[in-house]
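**Student:** Sequence:
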Amino acid sequence: MLANPAAQHLSPVRRLFLSRLLSELNGESKRVFRIRRRTEQELRAYVESGMANENQAVDGKIRELERLAMLLREQNCRTDTPTALSLNVGSIAISSPNSMKLRQASSGFQVASIEEHPNSRRASEDILKSLDNVQIRPIALAL
2 MLANPAAQHL SPVRRLFLSR LLSELNGESK RVFRIRRRTE QELRAYVESG
52 MANENQAVDG KIRELERLAM LLREQNCRTD TPTALSLNVG SIAISSPNSM
102 KLRQASSGFQ VASIEEHPNS RRASEDILKS LDNVQIRPIA LAL
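Residue 2 is where the sequence shown starts when you use this note's numbering, and the numbers rise one by one after that.
Hints listed in this document are in silico derivations from the structure and should not be mistaken for laboratory results. Treat the hints loosely; a few may be bogus.
Ranges of calculated distance between the beta carbons of each label pair, as one might list FRET restraints [unchecked claim]:
(1) 122 to 47: 57 to 65 Å
(2) 97 to 39: 45 to 53 Å
(3) 59 to 92: 19 to 27 Å
(4) 48 to 7: 26 to 34 Å
(5) 35 to 97: 40 to 48 Å
(6) 38 to 92: 40 to 48 Å
(7) 122 to 56: 22 to 30 Å
(8) 92 to 51: 19 to 27 Å
(9) 44 to 102: 36 to 44 Å
(10) 61 to 17: 35 to 43 Å
(11) 60 to 99: 28 to 36 Å
In silico DMTMM-like links for lysine to aspartate or glutamate, alpha-carbon gap of 25 Å or less [as the list claims (entries may be wrong)]:
(12) 31 to 41
(13) 130 to 116
(14) 62 to 49
(15) 62 to 75
(16) 62 to 81
(17) 102 to 81
(18) 31 to 43
Virtual Cβ for every residue (Gly too), placed ideally from N, Cα, C.
Starting from the given sequences, assemble the full structure and let the hints guide the process.
**Tutor:** As structure tokens, then:
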């Protein structure tokens, strides 16, 4: 801009002011572009992390609760009615089967000797021998 022939008609003070102004504007422009680039990167990371979807789901649940609360208010439901509801308090512990540490089988465990047997609907003789006989009639009469 200072190389433009029209700039030759400016006084030295105004030319210096214009030079400093252009330098300042150039620096601010670079700063705005850095902020914009960083904001775009953070927004992309936010969306890719799934937090955006989780926040949308939470917002949806809150809107649903607000709608249900308004329905209760319109139906003149008493909100101070005593109930037998109790809430557990304290720290929560969540566990998953995936987090369990499975033990390794001992080296003496032989898998080759295991035979598969089909399931049967009839109890074997060994099982039947281990059961005690129960007299049902005396028990029924005692009740």
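**Student:** Holds or violated: residue 62 with residue 75, Cα cutoff 25 Å?
**Tutor:** Measuring from Cα to Cα gives roughly 20 Å; hence the hint holds.
**Student:** Using the Cβ atoms, figure out if residue 38 sits within 40 to 48 Å of residue 92.
**Tutor:** holds, 42 Å
**Student:** Using the Cβ atoms, figure out if residue 61 sits within 35 to 43 Å of residue 17.
**Tutor:** Hint violated: Cβ distance 59 Å, outside 35 to 43 Å.
**Student:** Taking only the CA atoms, is the gap from residue 102 to residue 81 under or equal to 25 Å?
**Tutor:** violated, 47 Å
**Student:** Would you say the C-beta atoms of residue 44 and residue 102 sit inside 36 to 44 Å of each other?
**Tutor:** holds, 39 Å
**Student:** Has the hinted range 22 to 30 Å been met by the Cβ atoms of residue 122 and residue 56?
**Tutor:** Check failed, 54 Å falls outside 22 to 30 Å.
**Student:** Residue 31 and residue 41 were given as a pair; does the straight-line alpha-carbon distance stay at or below 25 Å?
**Tutor:** Roughly 15 Å between the alpha carbons, so the hint for residue 31 and residue 41 holds.
**Student:** Straight-line Cα separation of residue 130 and residue 116 no greater than 25 Å?
**Tutor:** holds, 24 Å
**Student:** Hinted pair, alpha-carbon criterion (25 Å max): residue 31, residue 43. Please report holds or violated.
**Tutor:** With Cα atoms ~18 Å apart, residue 31 and residue 43 stay inside 25 Å; holds.
**Student:** Starting from residue 62, check that the Cα of residue 81 is at most 25 Å away, please.
**Tutor:** Within the cut-off at roughly 23 Å; holds.
**Student:** Is the distance from the Cβ of residue 60 to the Cβ of residue 99 consistent with 28 to 36 Å?
**Tutor:** holds, 29 Å
**Student:** Is the hinted range of 40 to 48 Å satisfied by the C-beta distance from residue 35 to residue 97?
**Tutor:** This hint holds: roughly 42 Å between Cβ atoms.
Hints 2, 4, 7, 10, 17 from the earlier list are contradicted by this structure; the remaining hints agree with it.
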